[in-house]
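**Student:** These protein sequence lines are chains A and B, in that order. Take the first sequence: its position 205, counted from the start at 1, is 204 in numbering that gives the first Met the number 0, and no numbers get skipped. Take the second sequence: its position 39, counted from the start at 1, is 38 in numbering that gives the first Met the number 0, and no numbers get skipped.
Keep in mind the hints are simulated off the structure, nothing from the lab. Source: prediction; values computed, not measured. A hint or two may mislead.
Because identical chains share one entry, a pair is satisfied inside a single copy or across any pair of copies.
What the hints assert, rightly or not - Derived lysine to any residue pairs resembling SDA-like cross-links, with alpha carbons at most 20 Å apart:
{"hint": "1", "residue 1": "Lys88", "residue 2": "Glu46"}
{"hint": "2", "residue 1": "Lys105", "residue 2": "Leu90"}
{"hint": "3", "residue 1": "Lys4", "residue 2": "Gly118"}
{"hint": "4", "residue 1": "Lys88", "residue 2": "Glu45"}
{"hint": "5", "residue 1": "Lys88", "residue 2": "Tyr102"}
{"hint": "6", "residue 1": "Lys88", "residue 2": "Glu140"}
{"hint": "7", "residue 1": "Lys88", "residue 2": "Ile40"}
{"hint": "8", "residue 1": "Lys88", "residue 2": "Cys71"}
{"hint": "9", "residue 1": "Lys76", "residue 2": "Ala100"}
{"hint": "10", "residue 1": "Lys4", "residue 2": "Lys20"}
{"hint": "11", "residue 1": "Lys97", "residue 2": "Val135"}
Number of protein chains: 2
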Amino acid sequence: MSAAKTLLFVTSNANKLAEVKAILATTGITVESKSIELIEIQGTIEEISKDKARRAADNVGGPVLVEDTALCFNALKGLPGPYVKHFLKELKNDGLVKMLAAYDDKRAQAVCTFAYCEGPGQEPILFEGRTDGKIVRQRGEPTFGWDPIFEIGGSTYAEMDSYQKNKISHRFKALQKLKAWLEEKHGGGVAPPPAAPQRIDRRNLGGHEVAQGGNFFDSFGEEVKPRAINIAGDGMGIRKETGRGWQFDNPN
Amino acid sequence: MSAAKTLLFVTSNANKLAEVKAILATTGITVESKSIELIEIQGTIEEISKDKARRAADNVGGPVLVEDTALCFNALKGLPGPYVKHFLKELKNDGLVKMLAAYDDKRAQAVCTFAYCEGPGQEPILFEGRTDGKIVRQRGEPTFGWDPIFEIGGSTYAEMDSYQKNKISHRFKALQKLKAWLEEKHGGGVAPPPAAPQRIDRRNLGGHEVAQGGNFFDSFGEEVKPRAINIAGDGMGIRKETGRGWQFDNPN
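So here's chain A without its partners, still in its complex pose (with noise of 0.2 Å):
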């Protein structure tokens, strides 16, 4: 098997594809998008995700890539999780702080899953970043989805610009591996995989938790359209001109 050359993203979000292309503008491969209106399952992450991926491929009749956001508390063991979009959208941003006030761990896991599925039958493939964080009350520009209230050494997502945020993003991270997957299968003439993302010692925070948070819902629970951002070379946040300069805020 071989991955495709010209890669689908199902997606009905403009700011995901044009994050999704940059990241991959160096691997030779095209990236092109379909709307598509794919149902989601209940389960797992990793159900979800799979679920996902297969659905757009059979309904496409060939290879297609997919991505899925949750938000999973510490102390509600994951949860909301995958379901964190329905939350977002009646509760808004202080509903999911309030969900945490009988709790003192306040910690949260931003996760970011790419789904690639070559095509009807085959098993997909998942690229996962993840990001520790912790919620907070809301700080910062109401921009994005869950962005105000997730926070990353001190800072809510919504109080850091676009540079420092996708230092640390988990939809950056996720990108990554799937670029790295997708130029392995490619062979020579693209560039190295990056490094893998560096994993952030919590011990020099100060206590805080290191996390990446937002997503594409307003605080009215309506899909939105994220800012520009700079799309970094690496996990870690080196900065790379893509020819067009910053494209999107990070829409994690």
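Once you have looked at the hints, place chain B on chain A.
**Tutor:** Below, chain B without anything else, positioned relative to chain A:
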């Protein structure tokens, strides 16, 4: 279109099956069962139930009945709702209670939905029973699911006997609607549809909400077999011997 004379209830739960059989005993309809591994989608209660019924009808190639239970917290805008089983599994009853720690409003609604689908390509029909209650700290025998935290008129489900419970069960209400519809489809020769379940007036309950709780997971998140219940002849609990006496404890 006419309803099938034999109804296939897709469930792996022997107790739910027996309850459906008992309730439908007077309709002349034979209830059979099949256990199928069915995925559940994310979405509204209605979307999830309809999808599950369609999936089951496609699987068996004929008429099917499926069932779903949800627990909707008022303060959480109806959540965890259809996702409650995941929260109960991970957080147990204590964790469900803690999800409302930040709110004075402890009201909740138990929702049982039966979905009937005539066959592949047919639109499913829903029969829904809803009962209002409130979430309290665990009281009573922790036998089934969220029974010990769902209070009705001053008692949790776990503190009630079967007869009391079945007077007000959301599950029983849903089954009564299904029964009435099946009787209508099959015309004469069967008992007339029972009176609609009585709406319980909250003003007469000393400030307590009226509800009915419980499901099929024990405090370790494992599915359990409910105790014996009596099957009442109508939604308000007129006890009726079915020839097999007490059947099961209320598995709602």
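**Student:** Now tell me, hint by hint, if it's right for this structure.
**Tutor:** Evaluation of the provided hints:
1. Lys88 with Glu46: between (22 Å within a copy, 17 Å between copies)
2. Lys105 with Leu90: Both, since 18 Å and 15 Å are each at most 20 Å.
3. Lys4 with Gly118: Within one copy only: 14 Å inside, 42 Å across.
4. Lys88 with Glu45: For Lys88 and Glu45, the Cα distance is within 20 Å only across copies (18 Å; inside one copy 22 Å).
5. Lys88 with Tyr102: For Lys88 and Tyr102, only the inter-copy Cα distance (18 Å) is at most 20 Å; the intra-copy one is 22 Å.
6. Lys88 with Glu140: Within one copy only: 18 Å inside, 35 Å across.
7. Lys88 with Ile40: both (18 Å within a copy, 17 Å between copies)
8. Lys88 with Cys71: both (16 Å within a copy, 15 Å between copies)
9. Lys76 with Ala100: For Lys76 and Ala100, the Cα distance is within 20 Å both inside one copy (15 Å) and across copies (17 Å).
10. Lys4 with Lys20: Intra 13 Å, inter 56 Å, cutoff 20 Å: intra-copy only.
11. Lys97 with Val135: Classified as both; 10 Å inside a copy, 18 Å across copies.
This entry satisfies every hint, going by the numbered hints stated previously.
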